[in-house]
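Trainee: Starting from the known structure of chain X, fit chain Z onto it as the hints suggest.
Given next are the chains, with one letter for each unit.
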Amino acid sequence: EAQVTQNPRYLITVTGKKLTVTCSQNMNHEYMSWYRQDPGLGLRQIYYSMNVEVTDKGDVPEGYKVSRKEKRNFPLILESPSPNQTSLYFCASRASGTGELFFGEGSRLTVL
Amino acid sequence: AQKVTQAQTEISVVEKEDVTLDCVYETRDTTYYLFWYKQPPSGELVFLIRRNSFDEQNEISGRYSWNFQKSTSSFNFTITASQVVDSAVYFCALTPPLARQLTFGSGTQLTVLP
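Chains as they are written, first to last, in my numbering: chain X, 1 to 112; chain Z, 1 to 114.
Chain X with its partners taken away, still in its complex shape (with noise of 0.2 Å):
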C-alpha cells in the first residue's frame, strides 16, 4: 500500500529537549516536504526536498532542520523546541511533476 508514515504521531515534549519526527515514503517519490497547521493559518511549508541531499527552507523554517540521506526517508529536527512550535505537523512526498502531495497522517507535538 502506498502511503507516507510519520512517527511519532503524538508527542509532548519540553522545552529545549531535542526531538525528531520521522518521515517515511514507499512510492519512490523525489519531492518531500514538511507543513505545519496552526488554527487559522492553514498549512505553511517548513523544508522541502526535491532529491536525495538537496534540501530548501520553505516559509517557515526557524527552528528546524531536516536532511535527506535516502530518497525515502525525510526527518524533521527540532534541536531546541520552543512553546510556539506546539503545532500539527505533516509530511507529504510527491513524484516529480505530478503536482499531488501524498500527506502523512500528521504529528501532534506539544512543547511546554
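Quick caveat, the hints were computed from the structure, so don't treat them as lab data.
There's no promise every hint is true.
Stated by the list, open to error - Label-pair distances were calculated between CB atoms; the ranges are:
#1 Z:85 to X:3: 18 to 24 Å
#2 X:30 to Z:70: 44 to 50 Å
#3 X:3 to Z:61: 31 to 37 Å
#4 X:13 to Z:44: 20 to 26 Å
#5 Z:20 to X:83: 37 to 43 Å
#6 X:14 to Z:81: 47 to 53 Å
#7 Z:43 to X:67: 24 to 30 Å
#8 Z:12 to X:62: 32 to 38 Å
#9 Z:12 to X:18: 40 to 46 Å
#10 X:12 to Z:46: 25 to 31 Å
To be verified - In silico lysine-lysine, DSSO-like type, Cα no more than 30 Å apart, as pairs:
#11 Z:16 to X:65
#12 X:57 to Z:38
#13 X:71 to Z:38
#14 Z:3 to X:65
Ideal Cβ placement from N, Cα and C applies to all residues, glycine included.
Mentor: Here is chain Z on its own, set in the frame of chain X:
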C-alpha cells in the same frame, strides 16, 4: 506570488442540505493545478480532487461536484445531500507544476448537523 482564499471560515448545515464551499485563487502562472483536500476530525488529510488549468469541465463524483471557472479564478466545491460524515475542514490548494510547494487556503470548517 500565489494566493488561495477561502472566505468561509465555518459553515453549518442540516443533514440533506446542499452546501457549496468557495475557493478563489490568484496566480500569474498559465499552467497550474488546483486541489481540494478533506481533513476529518481524526486529523489526516484526504485528497479529493486535482484539476489542471486547461480543463474547465466541471466534475462530479457521487455527491461531490466541483465548478472550475477560470474567468473568475474560482474552484468551488459542492456537496449535495450532505451527511454528518461530511463534517470536516476542507482545504483548497494551488500549485504550478514542479513547484516547491502547494499553497493552501486557510480552510473551511463544515459542520453537518443531524
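Trainee: Now tell me, hint by hint, if it's right for this structure.
Mentor: Results of checking the hints against the structure:
1. Checking the proposed 18 to 24 Å range against residue 85 of chain Z and residue 3 of chain X shows it holds: the Cβ atoms sit about 22 Å from each other.
2. A hinted range of 44 to 50 Å for the beta carbons of residue 30 of chain X and residue 70 of chain Z is inconsistent with their spacing of about 29 Å.
3. The hinted range of 31 to 37 Å is not satisfied by residue 3 of chain X and residue 61 of chain Z, whose Cβ atoms lie roughly 22 Å apart.
4. One distance hint, 20 to 26 Å for the beta-carbon pair residue 13 of chain X and residue 44 of chain Z, holds here, with the actual separation near 22 Å.
5. The hint said 37 to 43 Å for the Cβ distance between residue 20 of chain Z and residue 83 of chain X, and at roughly 38 Å that hint holds.
6. Separation of residue 14 of chain X from residue 81 of chain Z is about 48 Å and conforms to the stated range, judged on CB atoms against 47 to 53 Å.
7. A C-beta distance of roughly 26 Å is found between residue 43 of chain Z and residue 67 of chain X, which places it inside the suggested range of 24 to 30 Å.
8. Hint check: residue 12 of chain Z to residue 62 of chain X, Cβ distance near 37 Å, so the stated range 32 to 38 Å holds.
9. With their beta carbons about 42 Å apart, residue 12 of chain Z and residue 18 of chain X fall inside the hinted range of 40 to 46 Å.
10. The hinted range of 25 to 31 Å is satisfied by residue 12 of chain X and residue 46 of chain Z, whose Cβ atoms lie roughly 26 Å apart.
11. Our distance criterion of 30 Å between C-alpha atoms is broken by residue 16 of chain Z and residue 65 of chain X, whose separation comes to about 47 Å.
12. Restraint check for residue 57 of chain X and residue 38 of chain Z: the C-alpha separation of about 26 Å stays at or below 30 Å, so the hint holds.
13. In summary, the hint linking residue 71 of chain X to residue 38 of chain Z is supported, as the alpha carbons are separated by about 27 Å, within the 30 Å threshold.
14. At most 30 Å may separate the alpha-carbon atoms for a hinted pair to count; residue 3 of chain Z and residue 65 of chain X meet this at roughly 26 Å.
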